[in-house]
Amino acid sequence: MSFLKLEGLNVRVGSLPILRDVSLQVESGEVRALVGESGAGKSMIGKAILGTLPDAIAVTGGRIYLDGDDLMTLAAKDRRRLIGSKAALIPQDPLTALNPARRVGPQISNRLVDILGWRRQDAEKRVIELLHEVHIPAPERVMRAYPHELSGGMRQRILIASAFAAEPRLIVADEPTTALDVTVQKQILRLIRDMQRRHGTALLFVTHDLGVVSKLCQSMTVLYGGKVLEDTTVDQFFRGPAHAYSAALLAATPKYTDPDSSLMPVPEAVIRAVEAEIADHDQRRL
Amino acid sequence: MAVPLFEIRDLRLSFPDLAHKPLFGAAPRVEVLKGLSFDIQRGDVIGIVGGSGSGKSTLGRAMVRLLDVDAGQIRFDGTDITHLEEDSLRPLRKRIQMIFQDPMSSLNPRHRVGTIIAGPLQLHGFDQIRERVDFALSQVGLPLAFRSRYPHELSGGQRQRVGIARAIATEPDFILADEVVSGLDVSSQAQVLNLLERLVSDMGLTLAFISHDLSVIRRLCQTTLVLHHGEIVEHSATDQLFGNPQAQYTRELLDAIPLPELSPGWLD
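Protein chains in written order, with the numbering used here: chain A, 1 to 286; chain L, 287 to 554.
In short, the hints are calculated from the structure, not lab data. Treat the hints with care, as some may be off.
[Claimed, not checked] In silico SDA-like cross-links for lysine to any residue, where the CA-CA straight-line distance does not exceed 20 Å: (1) Lys-227/A / Leu-286/A; (2) Lys-307/L / Ala-76/A; (3) Lys-380/L / Gln-414/L; (4) Lys-307/L / His-148/A; (5) Lys-125/A / His-148/A; (6) Lys-86/A / Ala-76/A.
In this text, all values refer to a predicted model and were calculated from it rather than measured experimentally.
Next up, chain A with everything else stripped away, as it sits in the complex (with noise of 0.2 Å):
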């Protein structure tokens, strides 16, 4: 069985629904990648299985599978230690990630502290293991430092180091990239490879950016609306997506290589069709 199995996951604000049905599945150590514009619910679909949608929002029908386990049928703390040892995040913004009034090194140590029980020297021993495989200089002074202290690309690669500290076996990237210059962004990609590579991580990388996928990403999902368009490899949609939807959303990504046939705007007729589908969609669920 798939690491991580969602089946038919619907997430409604009230009774406006966010997540449509949605299935999708990542086998242990795949890059997989949640594509959408704002407001398709790919942060939501992360939230879900780590168990940090807002309040107002509610898991309304489906199921999540975690390593085998069904998430929805287990109680709340059983559900969190589960999440806990078995996932992680890395969040977009590391600077309202990290606590601006705390010192780096013991918002690390201090997970494996708490949620895994290890002694404190072990935690920070592993800490600067972990800050030297992100290849951060001098691990022993960064643990000193304060967030605001460092770089953007510093304080992401802390938040990479912090997300594989307790060897999760998924983690949710959720547009960890984008508040970051392009050369650094070239570097956080690789680094999240390298030590995805390396742990055998699975790993659900969120993004609005199709660049990034086709560089980092085995098999992808595109969603519209909160409902899965297309389910694909990351190899064939840039050969060819095969829904209308996708094909102008990679048409309308920029690419310098390319001016006069991409940033083209996605055609108002495609964008009537893909919700004409989801009212359906909707219709027939009634």
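For this one, chain A is given, so just place chain L on it according to the hints.
For chain L alone, coordinates are given in the frame of chain A:
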């Protein structure tokens, strides 16, 4: 040859580095612009590109006199505006407009779209304001009914169109656009770029387009200026810049862009 619309000479600007201010005495200064010189010809669309901290936004703000410079000269249409008093600057202001990155924070959330677009028209004493607002709305492809909408009722792309409508309402000669498509989804990004392209040719605008995204610049701009640590490392025709980049930093920027296509080994 005609006088360039903008002539920038040896522009220098620094900010106090308050993180390193001693208890007594002045804070040390961080040099953000280190002596920049370039011209912008009338009708040109110039892209200003660089990483974060390269000084691209600071340069833009200095050009339109939102920031005061330490040294150097800014000439607009032949007039030295470097140290012009606000009173004397006022008549020029309506010829120089700006579009900002985040329309949500640059549009007053308590004003309707009509009032927002009318703002600069009233400030500069234009007549026939209602007609001008309607004209600006139609230019950016928004229905006239949007006059009575509030910014929060609009999508990101529509909000950015309102920002553009406000900028073109005074029929300026020059528009500074600072990362105006960065916050938009790719589908609306393309639409807003097409709109800017059309407006530039229809209205004979000169546009300075600040962006961190070289792909977007390639699409829109005739010339490109690459900034790195407050210095110009390359200033050339856009086609030439992409075809045969001269500066090491430009090549690094181009190499780091993940193009949406299969290219195994790109990350190795």
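Tested hints:
For the hint pairing Lys-227/A with Leu-286/A, the CA-to-CA distance comes to about 16 Å; that is within 20 Å, so the pair holds. With a C-alpha separation of about 50 Å, the suggested pairing of Lys-307/L with Ala-76/A is violated against the 20 Å cut-off. This hinted pair checks out: Lys-380/L and Gln-414/L have alpha carbons roughly 16 Å apart, not beyond 20 Å. With a C-alpha separation of about 16 Å, the suggested pair Lys-307/L and His-148/A falls inside the 20 Å cut-off, and the hint holds.
Distance restraint check for Lys-125/A and His-148/A: the Cα-Cα separation of roughly 23 Å exceeds the 20 Å cut-off, and the hinted pair is therefore not satisfied. Our distance criterion of 20 Å between C-alpha atoms is met by Lys-86/A and Ala-76/A, whose separation comes to about 15 Å.
Of the numbered hints stated above, those contradicted by the structure are hints 2 and 5, listed in ascending order.
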